[in-house]
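A.B. asks: Sequences are here, hints too, so could you generate the full structure?
From first to last, the protein sequence lines are chains A and B. In this text, residue positions in the first sequence follow our numbering: the first is 215, and each later residue adds one. In this text, residue positions in the second sequence follow our numbering: the first is 378, and each later residue adds one.
Be careful, since some hints might not be right.
As the list claims (entries may be wrong) - Straight line, CA to CA, 30 Å or less: simulated DSS-like cross-link-like pairs of lysine-lysine:
id, chain 1, residue 1, chain 2, residue 2
1, A, Lys255, A, Lys265
2, A, Lys513, B, Lys533
3, B, Lys392, A, Lys365
4, A, Lys367, B, Lys392
5, A, Lys388, B, Lys533
6, A, Lys272, A, Lys255
Said to hold, decoys possible - Residues on chain B that point at chain A, a partial pick, calculated with CB under 8 Å:
id, residue
7, Pro504
8, Asp510
9, Ser513
10, Pro515
11, Ala544
12, Tyr547
13, Arg548
14, Thr551
15, Val553
16, Ala554
17, Arg555
18, Trp558
19, Met575
Calculated directly from the structure, the hints in this document are not laboratory data. Model, not experiment: these values are computed from the prediction. Glycine residues also receive a C-beta, built at the ideal position from the N, C-alpha and C atoms.
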Amino acid sequence: MSADLRFNAMYFLPYVHLPKNHKQFKSTWVDFPNSFYDPEKGHKLYKRYLKELLLADKLGFDAIVVNEHHNTVYSMMATPNIIAAALVPQLRNAKICVWGVPPNFMLPNRLAEEYAILDVMSKGRLEVAFPLGTGMEYWSNPVNPATAREKFKESLKIILQAWKEDGPTTHYGKYYTYRFLNPWPRPYQKPHPPCYIVGTGSPETIEIAAELGFGYSSVFVPQERTYELNEQLRQRAAHFGHTMRPDQLPLLTYVYVAETQEQAEKEYVIHLQRFFEDYARSTQQWLAPPGYISLEQLKVRAAGADKLHGGFDFNNVSKSFFIAVGTPEKVANQLGEWAIKAGTNHLNNVMHVADMPHSKTVKNLTLFAEEVMPRLRSKGVAQ
Amino acid sequence: MTRFVREEYTVDGVKTVLHAAGSGEPVVVLHGAGTADGFDFAEQWADRFRVIVPHHPGFGFSGDDPTFTDMHDYVMHYLGLFEILGIDTVRLVGISLGGWMAAQFASEHNNRVKKLALIAPAGMYDPNHMPMDIISTPGEVVVGSLVSNFDVLQSKLPAKPDIHFIADRYREATTVARLWWEHPFDPKFMRHLKRVTMPTMILWGDEDKLTPVGLTPMWQRHIPHADIRVFKGAGHLVHLEKPEAVAAIGAFLV
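C.D. replies: Shown next as structure tokens:
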């Protein structure tokens, strides 16, 4: 039996009006001065992005994906639940995926509540993911990176308890005490919305997803490593008595479709370059605050150097990551091949990067929905 | 001169490495937020004392204990080490972060500390003289700010830091983050300094870029009997830059 492929439209909502001298700043995160932010321009961008996301819904994308970042031009979604709440009443068919709010930056009961509100408002069309949060977010929030993983696990436990057990219940932990864990409302979906862990493939996050039976949304993981990672996830989930379904392993892709290969590259590559060089530009110090990663991971990362945050070569980047640029036929073939290799039927497609203008974004969304999706719909991996 | 010899103990399950030299009454030196700068300077006190330089948990050659989240955890650790070493009363020397640690130990156990010497101690809050935030300041900037004359530090550091050196520093920074990420100051620490009743000397470089010399009046206010010595032309690591500072501590400890 084959299952349909699923197509998400993922968005970061970047602030695109970088100052002329922005290259003088080593990073566009954490300490990049917010005096460069112009709310008039921000207002126009929110209106534009919301319009594009609603278009994605109309065109037939299966889900809209939003997430959280702080102190950066990379994303204007410091609180993605607000963006999700603005979208929910207007979406016709698409699910809304908040992938997600790092639980460490919220009180766990409050996150359980906000997600429950969105789930009830959308009549059960919410999916959530739990990221630890990038290193940059820890410089921007008053949360200790050295205890982040421990606190993260406790938060997850509280959120799941709030959703799965009838309240009031209690929780006496290291970071939180709840005398009355009894959040209203409770999720529409029972026992709770589909959950994913977001990660870059560290052993710690793999174990959490496997143990809880969650999906795993990998980000910034190179191609070969993704295939290995998905295999590890299937094995570790089985070890804990869970089956990791193909739809639980969304594949993060960067997609641009145009009439010809040449035109697609001409229209897209400059924005992808700016995405990596300018919008994702960070420093080793911001990426790895003290205690955020283990010494083993620190050594692994140092050995691999950082291919993402600054420094761009389209050919190298295209070979490393899942970047499909070209005609509908080429993009469809490419995505289909990757989905089979990754053992997934769930494509999480970044449809807009950096300062890609509205016209190109609409074209990309439209061609993808009308020319790529139909070619692939029936090619899902057997469940 | 008597040279340091490495010894290893287990304190409440944590591997604790120390360097010790000499004989006589114990002088314990509590180091700062890093161990790369070395402690040979303290060997010269070994002609009169048993000089002991332990590495704190999470630093240098000692093991990790991720449960250490405030200075009191280190005070408890040293109570445990002193018990193992049979140390009843002690002369404490504390440098920077170790200065806070030594002063806190002295305020909590003032009957066990005979003399207290603090070198550019951390822990004092004065909004007009804020210390450098060593957590967010890039490592190379912190290192470059430690001394006035970088020559005294250069020979102790690798010319080109390799991944092992970087990982060692990341580990020590992690230990510091557990301690200071949320709370780089503790108002209760300052309140309890009135219990520091033993003879106290505080040494400072007037060019200190980490803990500015402007913090000394606040220390004087909290420990009125402290003998505060300011050394001209010295940075944070006064003891590396000014042999007379090391000699002054040696004379004070007698």
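A.B. asks: A separate judgement is required for each hint: does it hold in the structure or not?
C.D. replies: How the hints compare with the structure:
{"no.": "1", "hint": "Lys255(A) - Lys265(A)", "result": "15 Å, holds"}
{"no.": "2", "hint": "Lys513(A) - Lys533(B)", "result": "23 Å, holds"}
{"no.": "3", "hint": "Lys392(B) - Lys365(A)", "result": "26 Å, holds"}
{"no.": "4", "hint": "Lys367(A) - Lys392(B)", "result": "28 Å, holds"}
{"no.": "5", "hint": "Lys388(A) - Lys533(B)", "result": "40 Å, violated"}
{"no.": "6", "hint": "Lys272(A) - Lys255(A)", "result": "26 Å, holds"}
{"no.": "7", "hint": "Pro504", "result": "19 Å, violated"}
{"no.": "8", "hint": "Asp510", "result": "11 Å, violated"}
{"no.": "9", "hint": "Ser513", "result": "7 Å, holds"}
{"no.": "10", "hint": "Pro515", "result": "6 Å, holds"}
{"no.": "11", "hint": "Ala544", "result": "5 Å, holds"}
{"no.": "12", "hint": "Tyr547", "result": "6 Å, holds"}
{"no.": "13", "hint": "Arg548", "result": "6 Å, holds"}
{"no.": "14", "hint": "Thr551", "result": "4 Å, holds"}
{"no.": "15", "hint": "Val553", "result": "7 Å, holds"}
{"no.": "16", "hint": "Ala554", "result": "4 Å, holds"}
{"no.": "17", "hint": "Arg555", "result": "5 Å, holds"}
{"no.": "18", "hint": "Trp558", "result": "4 Å, holds"}
{"no.": "19", "hint": "Met575", "result": "34 Å, violated"}
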